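Novice: Those protein sequence lines, which keep their order, are chains A and B. Counting along the first sequence from 1, when you hit position 193 you're at 193 in the numbering used here, and nothing is skipped either side. Counting along the second sequence from 1, when you hit position 143 you're at 143 in the numbering used here, and nothing is skipped either side.
No lab work stands behind these hints: they were computed from the structure. Because the structure is a prediction, the values reported are computed rather than measured. Among the hints, a few may not be true.
[What the hints assert, rightly or not] Computed footprint of chain A on chain B; a stretch qualifies when at least three of its residues, placed anywhere within it, have a C-beta under 8 Å from a C-beta of chain A:
#1 50-63
#2 66-78
#3 97-111
Glycine included, each C-beta is placed from N, C-alpha and C at the ideal position.
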Amino acid sequence: MDNKLFLEPEEIVEKAKAIRKRIIQMNSNAGQGHTGADLSETDILASFFFRILKIDNDYLKNPRRDRFILSKGHGVGGFYCTLAEAGLIEESLLDTYLQFDSRLPGHPVRQKMHYLELNTGALGHGLAVAVGLALSAKLSGKNFRVFVLTGDGELQEGSNWEAAMSAAHFKLDNLVAVVDRNTLQLADRTEKIMALEPLEKKWQAFGFDVHQTDGNNVAKFIYTIESLDMKNKKPHVIIARTIKGKGVSFIEDQPAWHHKIPVGDQIPRAIQELE
Amino acid sequence: MTKQEKIDLRTVMVQTFMDAVEDDVNLVVVVSDSTSTSKIAPFMEKYPERLINVGIAEQNLVGIATGLSLGGYIAVTANAACFLVARANEQIKNDVCYSNSNVKLVGLNAGVSYGALASTHHAIDDISIMRGLGNIQILAPSDPIETNQIFRYAFDYEGPVYIRMDNAKFPVLHDENYQFKVGRVDVLKLGDDVSIFAVGSVVHEAYDAATALQSESVDAEVLNVSSVRPVDRMQIIESIRKTHKVITVEEHTLHGGLGSLIAEIVAEEGLRAKLVRLGITEGQFSKAGPRDQIRAYYNIDVKGIVETTKKIIAK
Numbered sequence: 001m002d003n004k005l006f007l008e009p010e011e012i013v014e015k016a017k018a019i020r021k022r023i024i025q026m027n028s029n030a031g032q033g034h035t036g037a038d039l040s041e042t043d044i045l046a047s048f049f050f051r052i053l054k055i056d057n058d059y060l061k062n063p064r065r066d067r068f069i070l071s072k073g074h075g076v077g078g079f080y081c082t083l084a085e086a087g088l089i090e091e092s093l094l095d096t097y098l099q100f101d102s103r104l105p106g107h108p109v110r111q112k113m114h115y116l117e118l119n120t121g122a123l124g125h126g127l128a129v130a131v132g133l134a135l136s137a138k139l140s141g142k143n144f145r146v147f148v149l150t151g152d153g154e155l156q157e158g159s160n161w162e163a164a165m166s167a168a169h170f171k172l173d174n175l176v177a178v179v180d181r182n183t184l185q186l187a188d189r190t191e192k193i194m195a196l197e198p199l200e201k202k203w204q205a206f207g208f209d210v211h212q213t214d215g216n217n218v219a220k221f222i223y224t225i226e227s228l229d230m231k232n233k234k235p236h237v238i239i240a241r242t243i244k245g246k247g248v249s250f251i252e253d254q255p256a257w258h259h260k261i262p263v264g265d266q267i268p269r270a271i272q273e274l275e
Numbered sequence: 001m002t003k004q005e006k007i008d009l010r011t012v013m014v015q016t017f018m019d020a021v022e023d024d025v026n027l028v029v030v031v032s033d034s035t036s037t038s039k040i041a042p043f044m045e046k047y048p049e050r051l052i053n054v055g056i057a058e059q060n061l062v063g064i065a066t067g068l069s070l071g072g073y074i075a076v077t078a079n080a081a082c083f084l085v086a087r088a089n090e091q092i093k094n095d096v097c098y099s100n101s102n103v104k105l106v107g108l109n110a111g112v113s114y115g116a117l118a119s120t121h122h123a124i125d126d127i128s129i130m131r132g133l134g135n136i137q138i139l140a141p142s143d144p145i146e147t148n149q150i151f152r153y154a155f156d157y158e159g160p161v162y163i164r165m166d167n168a169k170f171p172v173l174h175d176e177n178y179q180f181k182v183g184r185v186d187v188l189k190l191g192d193d194v195s196i197f198a199v200g201s202v203v204h205e206a207y208d209a210a211t212a213l214q215s216e217s218v219d220a221e222v223l224n225v226s227s228v229r230p231v232d233r234m235q236i237i238e239s240i241r242k243t244h245k246v247i248t249v250e251e252h253t254l255h256g257g258l259g260s261l262i263a264e265i266v267a268e269e270g271l272r273a274k275l276v277r278l279g280i281t282e283g284q285f286s287k288a289g290p291r292d293q294i295r296a297y298y299n300i301d302v303k304g305i306v307e308t309t310k311k312i313i314a315k
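Can you build the whole structure from these sequences, using the hints too?
Specialist: Printed below as a string of structure tokens:
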């Protein structure tokens, strides 16, 4: 890529559509995958990789690059498809998803795939590591930003709140946590399993600069990120309201689709809905 | 330092931190309210910006250290081994080991250093837990000279390292020319009658036992396994092939620690040897109380090692 990836929101919406089709295709081929999570986070990932991170040829070599941590490691399928759509990995690699010793296993492995900062998959790890990265920027006088995408069910892990407490204590205004708030977790609705609400107040009580937005609306999401006051001495959190399985009617908001893939005529139906 | 002077190994550790920063090593130390546990005050005074205290939050300790390492720092965590390996186990596994981060984990006051504070504070499974993880190097210094060298080595090496530390004071066992080499078994005393392998602070017990045995005409070889992983198996094999009698000494459970390591080698190599493993009895929590009495109970003190050796020699 010669120029940095910096598209307008309407162009990113088109990219997100293409990423979703790749997700359906890739997961169907693999015979496994976290389809609901992949589709939930697509607009957020597209916003990061086609604009917010300003990825260019030197990105990976640049110690001052903005960092992105995928704390919800089970959403790595959406991540791979985003990289493929952005031309950052070979499209053919997607055919190896979940195969034996593939570069594309079901949770992120940074030694196998660039653009991954951390091997996640166990929940509640990304935020603390993001705090450490943000601290490293402050300590070394670098001005990069650290973004971390967490699931919402993931916030039931207590480690997140240790990390949240420290992010505020260290005044890490270079840290942005994005919560993919699709209100579903593995077994059922978050509010039924272990209620997270009032989520906004929880983050506020922990000292965060809290924002809510539509996480499936690229323009709104980007606007929220780009409007953050990164010098306010407070870490930021964006509660991005999303629909799990977004874009495919029979997948949307269905707990059963956490770890399910389209089969048979569901595949063309899903693709058609995503046109 | 004189040969007899006893030194807190943590003081030596902190000096290596100061020396490293002085030498432009990009080092940060992360503690979890463990400033006194780590004796870090001199470092904190001199380099306050390089000391990060995350509060009583071990998962956060290891996660933040990982983030600091990803940002280009050599991140050293320093807190009590019992809380580090148990509470932050998954962070150690995934953030440090699996992600292959440049984090140095220091398990302070390991074994039964905390004596009477009992099993919540004892770390008798840290070596076995670390051995169960894929790629972390496991080191345990025995004296001030080795402590200095092991920390210097760990800063130079890029990747995860666990360093097991004690809270007591120890005299030097090595001369000034000693060179720690990762993987090498440090032979403190050559002998033909029995091979005594020990790790960490009980190396002193093993060494003193060998000295006592010498006056009873038993010639014990003392091997300090300060590098548990990696470890040079050939050195271990050669010693056992020579003596055919083996005692392992560790202030650690007999599950998965030094005794297990040596037993694996004996079995896999088909070595003809009588092996006695001394340590915390299998399937039990460690006894609590004065440390010397705990060591006596498990025969991991001089007297216990001497008596065990005599029994094994008599057979």
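Novice: Each of the hints needs a verdict: does it hold here or not?
Specialist: Results of checking the hints against the structure:
1. For the stretch 50-63 of chain B, the proposed coverage by chain A is satisfied: 9 residues have a C-beta within less than 8 Å of a C-beta in that chain, meeting the threshold of three.
2. Check result for the stretch 66-78 of chain B against chain A: holds, 9 residues qualifying (beta carbon to beta carbon below 8 Å, three or more required).
3. For the stretch 97-111 of chain B, the stated coverage by chain A holds: 3 residues have a C-beta nearer than 8 Å to a C-beta of that chain, and at least 3 were required.
When the structure is compared with the earlier hints, no violation turns up for any of them.
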